[in-house]
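**Student:** Numbering (this note's numbering), first residue to last: 461 to 626.
A portion of the hints provided could be inaccurate.
Computed Cβ-Cβ distance ranges for the label pairs, DEER-style [unchecked claim]:
{"no.": "1", "residue 1": "549", "residue 2": "604", "range": "34 to 42 Å"}
{"no.": "2", "residue 1": "520", "residue 2": "581", "range": "36 to 44 Å"}
{"no.": "3", "residue 1": "608", "residue 2": "532", "range": "19 to 27 Å"}
It should be emphasised that the hints constitute simulated quantities derived from the structure, not laboratory data. From a predicted model like this one, the values you see are computed outputs, not experimental measurements. Just so you know, even glycine gets a beta-carbon here, dropped at the ideal spot from N, CA and C.
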Amino acid sequence: MVTKIGEQYQPTAAEIACDLWEFQHALIDAARANNDGDAPEALRRAVDIYRGDLLQGGDYPWADPARQDLHRRALDAHLRLAQHEQHSGHVDVAVKVLEKAIDLDHYAEEPHRLLMALHATLDRPEAVTATWRLLHRDLGDLNLEVDAATVRLYQSLTETDAHVGT
461 MVTKIGEQYQ PTAAEIACDL WEFQHALIDA ARANNDGDAP EALRRAVDIY
511 RGDLLQGGDY PWADPARQDL HRRALDAHLR LAQHEQHSGH VDVAVKVLEK
561 AIDLDHYAEE PHRLLMALHA TLDRPEAVTA TWRLLHRDLG DLNLEVDAAT
611 VRLYQSLTET DAHVGT
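Given these sequences and hints, build the entire structure.
**Tutor:** Below you can see the structure in the form of C-alpha cells.
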C-alpha cells in the first residue's frame, strides 16, 4: 500500500482510492483531451466526483487556499460541461449541470447567467425569472447586489418576452 521513493513514502494509487486524486485526474484528463468526446467525459467524471468542499464543516484555516482553489475548479468544470452539453444539443442535461453548479455555489453569478440564457433559448420565461429571483434572494442574504452585467442580461431576456407578447 505504501511505496518508498527516495527517502519518502507514498501511498500506492492502485491500492488506495481518494476522491481528491480522482477529481484532479479527471480535470487533467479534460485539459489534455484532444477531441470533443474525451473532454466532456472527463468533465462528467470530475463533476460526479466533486461532492463538496475540501474538509467541509471543519475549522482548518490552513486548508482554506486549497479549499477555495478546488471549489473554483469544480465550478469551472460544471460550467465547461454545461457548455459542452449545450453545444452537443443536450440542453436539458446542460440545465441540470448548471442547477448542480448553483447548488454548489449559490452566490456565483456566472452559472445563474448561463442558466437564465439557456432557459430563454428554450422559451421558458418563468424559469428565467425564477433563476433571477433565486440569485437576487441569495445575494440579498449577504447584503450584496447583483452584478450590473447580470442585471442587463436579465433585463434583455425579459424585455424580449415582453415584446413577443405585444
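**Student:** Does each hint hold? Answer for all of them.
**Tutor:** For each hint, the structure was consulted:
1. Between residue 549 and residue 604 the Cβ separation comes to about 35 Å, which falls inside the hinted range of 34 to 42 Å.
2. Taking 36 to 44 Å as the suggested C-beta distance range, the pair residue 520 and residue 581 conforms, at roughly 42 Å.
3. Distance hint check: the CB atoms of residue 608 and residue 532 are about 22 Å apart, consistent with the given range 19 to 27 Å.
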